[in-house]
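Quick note on numbering: the working numbering labels position 30 of the sequence shown as 139, and the sequence is numbered without any gaps.
Quick caveat, the hints were computed from the structure, so don't treat them as lab data. Honestly, I wouldn't trust all of these hints.
So the derived label-pair ranges between C-beta atoms look like this [said to hold, decoys possible]:
#1 GLY611 <-> THR839: 52 to 62 Å
#2 GLY844 <-> SER174: 51 to 61 Å
#3 VAL782 <-> ARG652: 22 to 32 Å
#4 GLN746 <-> ASP890: 48 to 58 Å
#5 GLN746 <-> ASP287: 54 to 64 Å
#6 ASN808 <-> GLY655: 21 to 31 Å
#7 ALA958 <-> GLY571: 33 to 43 Å
#8 SER174 <-> ALA914: 28 to 38 Å
#9 ARG652 <-> ALA958: 29 to 39 Å
Listed below are the simulated DSBU-like cross-link pairs for lysine-lysine, each with C-alpha atoms no more than 35 Å apart in a straight line [to be verified]:
#10 LYS443 <-> LYS258
#11 LYS443 <-> LYS363
#12 LYS258 <-> LYS363
Just so it is clear, the structure is predicted and the values come from calculations on it, not from any experiment. Ideal Cβ placement from N, Cα and C applies to all residues, glycine included.
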Amino acid sequence: MHDAQTAPDPHRLPVTVTPRHYRLFVAPDFAEGSFSGRVEIEVDVPEPVDQIVLHSKGLRITEASVEDSAVGHRVDEATDRLTLQAAPEVGSRSRISLGFEGQFDPHLVGFYVSQFTGDDGRQHELATTQFQATHARKAFPCWDEPSYKATFEISIRVPAGMEAVSNAAETSRDPLDDGGHIAHFGPTITMSTYLVAWVVGPLDFSETRIVSGTPIRVVSRPGLVSMSGFALDAAEFALSYFADYFGLPYPGDKVDLIAVPDFAFGAMENLGCITFREALLMVDPAVTTQTEMQRAVDVINHELAHMWFGDLVTMQWWNGIWLNEAFATFMEMKCTDAYRPDWERWADFGLSRTAAFATDALAATRPIEYQVRTPEESEGMFDILTYEKGAAVVRMLEQHLGEDAFRNGLRSYMEQYAYGNTETTDLWDALEASTGRPVRNMMDGWIFQGGFPRITVSVDGGAVSLSQQRCVAAGGGEQPEPQQWMVPLRYRISDGASITTGSLVLEDTPITLDLDSEDSWIIINAEGASFVRVSYPPVLLDRLAGLDGVELSEVERYALVDDAWADVLAGDMTTTAFLNLLEAMASETSRSVWLRIIAGLDALSRLVAAEAAAGFQSIAHDIVSPMLANVGLTPVQDETERDRQLRADLIKAMGTIAEDPDVQYECQRTVSVGRRDPALVDPALMSAAIAVTAHVGDNTDFDDFRRGFAESGSPQEQLRYLYALAEFPTDALVGRLRTMVLDGEVRTQNVAFALRAALRNRQAGESTWEFIKAHWSTLVDRLPSSSISRMLEGVTALSTDDLVADVGRFLDAHPLPQADLTVRQIREQQRVNAALRAREAARLTAFVAD
110 MHDAQTAPDP
120 HRLPVTVTPR
130 HYRLFVAPDF
140 AEGSFSGRVE
150 IEVDVPEPVD
160 QIVLHSKGLR
170 ITEASVEDSA
180 VGHRVDEATD
190 RLTLQAAPEV
200 GSRSRISLGF
210 EGQFDPHLVG
220 FYVSQFTGDD
230 GRQHELATTQ
240 FQATHARKAF
250 PCWDEPSYKA
260 TFEISIRVPA
270 GMEAVSNAAE
280 TSRDPLDDGG
290 HIAHFGPTIT
300 MSTYLVAWVV
310 GPLDFSETRI
320 VSGTPIRVVS
330 RPGLVSMSGF
340 ALDAAEFALS
350 YFADYFGLPY
360 PGDKVDLIAV
370 PDFAFGAMEN
380 LGCITFREAL
390 LMVDPAVTTQ
400 TEMQRAVDVI
410 NHELAHMWFG
420 DLVTMQWWNG
430 IWLNEAFATF
440 MEMKCTDAYR
450 PDWERWADFG
460 LSRTAAFATD
470 ALAATRPIEY
480 QVRTPEESEG
490 MFDILTYEKG
500 AAVVRMLEQH
510 LGEDAFRNGL
520 RSYMEQYAYG
530 NTETTDLWDA
540 LEASTGRPVR
550 NMMDGWIFQG
560 GFPRITVSVD
570 GGAVSLSQQR
580 CVAAGGGEQP
590 EPQQWMVPLR
600 YRISDGASIT
610 TGSLVLEDTP
620 ITLDLDSEDS
630 WIIINAEGAS
640 FVRVSYPPVL
650 LDRLAGLDGV
660 ELSEVERYAL
670 VDDAWADVLA
680 GDMTTTAFLN
690 LLEAMASETS
700 RSVWLRIIAG
710 LDALSRLVAA
720 EAAAGFQSIA
730 HDIVSPMLAN
740 VGLTPVQDET
750 ERDRQLRADL
760 IKAMGTIAED
770 PDVQYECQRT
780 VSVGRRDPAL
790 VDPALMSAAI
800 AVTAHVGDNT
810 DFDDFRRGFA
820 ESGSPQEQLR
830 YLYALAEFPT
840 DALVGRLRTM
850 VLDGEVRTQN
860 VAFALRAALR
870 NRQAGESTWE
880 FIKAHWSTLV
890 DRLPSSSISR
900 MLEGVTALST
910 DDLVADVGRF
920 LDAHPLPQAD
930 LTVRQIREQQ
940 RVNAALRARE
950 AARLTAFVAD
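Please construct the entire structure, taking both the sequences and the accompanying hints into account.
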C-alpha cells in the first residue's frame, strides 16, 4: 500500500517517458460527425519501462505500436490514461504509433463543429479545436500536461471546397481523387499540447501583411473578410510592440487570426493559429462603438502577448495559469494604451478591477495561485481573480519597481526560460536579480493568500494615520481570517499652495503623515497603482469630491466613488451618504467616472421600494441631466470617441434609471432611423437607443429586435439586439427570449450571457430562475461547461431572503464540480446583496420619499 504522501497522483502522468516530436494526421468526416487519425510520437525513455502512459479521452484506439511492434493497450476512463505495454528493451529514444477515431465534441471543446448560415441561405460547417486546459486528449492521444513540451508536424485531410490552417505555415498539399487534399504544415516550436490547433472548413483569407518577416492575416467564414482590416491594423501594431517590449522576436513562422462562429471563450492563444469569437475579431468601424472596438483590440493584444508569455515561456502546471493570464491581461492594456492613447485605457481598467474587488472581498475568495489537481479544478482557474486581480497585482509591482526596471527583469526572465516551463517564483527571482529589490517577499503575500487590504485614513489634528485591514463585504456569512500585506502606496498631499508626492510600504504598523491645514487634502493610492481600497473620513472625502480633473486624475476620481461603494457593502457607509457623494460629483466630465456614478445609481434604484421609485427617478434625473445637456443628444464634429460614448452612457441612464419619457421617445425614434439606414446614426448612440427602447418596448419592438439579431451582418450588432431582448419590461416578453434559447435560436456560446442578463431583469429575474431550474439538465448538457457559472452570476440580483434560500437549496442539490468555488462566490455575493437590502432599503426609501 502506498503512503498517502508518496502515492502517485492519478491526475498527473508518471515522469518516465517524455515526448519530443509528434507527427499527427487528422481526417474529419463532416457527414458522420466524426474524425479519425494517426499520430507518431518520438519519445525519450531515460530508463527501461514496461509500460508507457499518456492521455486519451473519448477516443477509440484502433492500433498501437512501439518501434513498429504491435503492443497491447488499455484506457482508464476515470483518469483519461492510455497505457501501452512496452518491452523493457525499448531504447532511450523510441517511436510510438497510434491510430484513433473519435466523435466531434458537442460542447465547443476538443475537436468540434461550428455551424453558420452562408450567403446562399444554407447551413455550412467548419471544424475547429479548443484544447485549453485539458482537451487535446479528446482529439489525439498525447501527453496533455503543459510541462510536456514537444514539436508538432500536422497534416489535415481537407474535403473538397474547404481549406485548413494550423499552428505553422502550410508547406505542401497532396491532391485527392474526390477533389479534396491533404494539407501538410511545417514543424512548430517546442510547445504544450493545449496550444495545438487546426481549423478546417469553407474559409476566406484576408490580405497578408508582413511584420519583421512574419506574415499576418485574418481567416474567417465567407462573407466576413471585408471586416478584417481593423484587426489587421491592431495585430500589426501589437506584434511589433511585443517583440520590442520582450526583446525577443515572434517565436512562430506566421500569425493567423481566425474567427470562429461558435466559440466558448473569447479567444485562444494557439501559437500562430489564434482563434476568436467573431465579434472580437471581425469589426466594421462604421457600425461599431468605441467600447466594442476597444474590446476587440484588447483581446487581439491579449492573445498576441501570449505568443511570448504563455506559448514561448509556459507555466509548469495549471496552478501557474494565473501568471500567463494576468500578464497577458496586463500587457493587453499596455499595448492598447500605446496603440490608442486617446482611449485612456488605464482609466477604464478601474471598471474591470471593480469586479475583481467584489469577488476578492468575499470569504469564498481564493489566492491568485493555489493547488490544482484535477481537470475540473484547472477549469475553475479561468476566472476574474486570475485575469483582473492578477493583472492589477502585476501592474502594482511594475509601478513599485519602475517601468524600465520591471521590463529589464522581464526580458531577462523571458530569455532565460524561452521554450521552457516555469514556476511563479522564477519570475520573482528574475526581477530580484535585475532590480536588487525583495520582490518575492512582497509578492508572496499577494499571490498565496486571498483577499486584499482596505487602507483606513484617520485624521487627528494635523496628522493623518494610515492602517490596513482586510476588506470584507458584510452579510455574506462566514468571516474570512484577518490578514496583512506588504502594501506599496503612492500618495499626494496638498496644502493649498503646493503638492508633495511620496511613496511608502505599509505593513502591520500604522504610518502617520503630516497634513498642514484644515484645507489640505491627501490622496492615497495615487493613480490607483495598488490593489487596495481606501476609506476616507467624511471630512476628507468631502474635500476630495470637490476637486477637479486638474488636481485628481480620472483614475483617482473613479476610485473615490468605487471605494465609497465598497464602504457601503462593508456596512461602514450608508446608502444615503453614498447618494450624497454621487450628487456632489455630478459635475464630473470623465466617462469612466460617469460609468461608476451610473452603476451606483442603478444599484441604489434596486433598493428603493415601489412607492418611492418616482422620487428616486427624479433624483437620478437631477444628477444625470446637467451633464447630458452639456454634451447634447446628438454628436458634434471633432468630438472624441470617448465623448460619444459618454453621451450614449448618459442617454441610457436617463432612459432606464431616470425613466425620462422624452429621452425614451428620442431613443425609439433613433432606433427606427438606424434600422432603416445605419449610416445615419452614430454607433454609440444606436447602442444606447437599443437598450432604452428595449427597456420600454412592446411585442412589436421585440419582433424588430429579433429580426435585427437574426439578420444583422455585424457580429457586434447581433449581440446588441440579442442581449437587449433580455431587457424588455415584461416577463412575457423575456419569456420569448427563453423560448428562443430552448429552440436553439441562440448559439450555445451566447446562451449563458443572455440568461444572465434576464436574471438581472427586475420584472423577469425570478421567472428566469424558475426557467433555469426547470431546464437545468438541458442547459448543463448543451452549454460549454465553462459558461454555466457565467449564467449563474445573474442570481446575485435576486436579493430577497426567499430567493437566497431557494438558490442555495437548488445549487446544493445540483453541484458543478468544474465551478465549485465560483458558485460559492456567487452565492455569497447574493447573500451580501440581500444583507444590503435588509440593512439599507428602508433607510434609502425614507430618504428618497422625504
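Hints, one by one, checked against the model:
no. : hint                          : result
1   : GLY611 <-> THR839: 52 to 62 Å : 56 Å, holds
2   : GLY844 <-> SER174: 51 to 61 Å : 58 Å, holds
3   : VAL782 <-> ARG652: 22 to 32 Å : 46 Å, violated
4   : GLN746 <-> ASP890: 48 to 58 Å : 53 Å, holds
5   : GLN746 <-> ASP287: 54 to 64 Å : 58 Å, holds
6   : ASN808 <-> GLY655: 21 to 31 Å : 48 Å, violated
7   : ALA958 <-> GLY571: 33 to 43 Å : 42 Å, holds
8   : SER174 <-> ALA914: 28 to 38 Å : 59 Å, violated
9   : ARG652 <-> ALA958: 29 to 39 Å : 30 Å, holds
10  : LYS443 <-> LYS258             : 29 Å, holds
11  : LYS443 <-> LYS363             : 23 Å, holds
12  : LYS258 <-> LYS363             : 20 Å, holds
Hint violations for this structure: numbers 3, 6, 8, all remaining hints satisfied.
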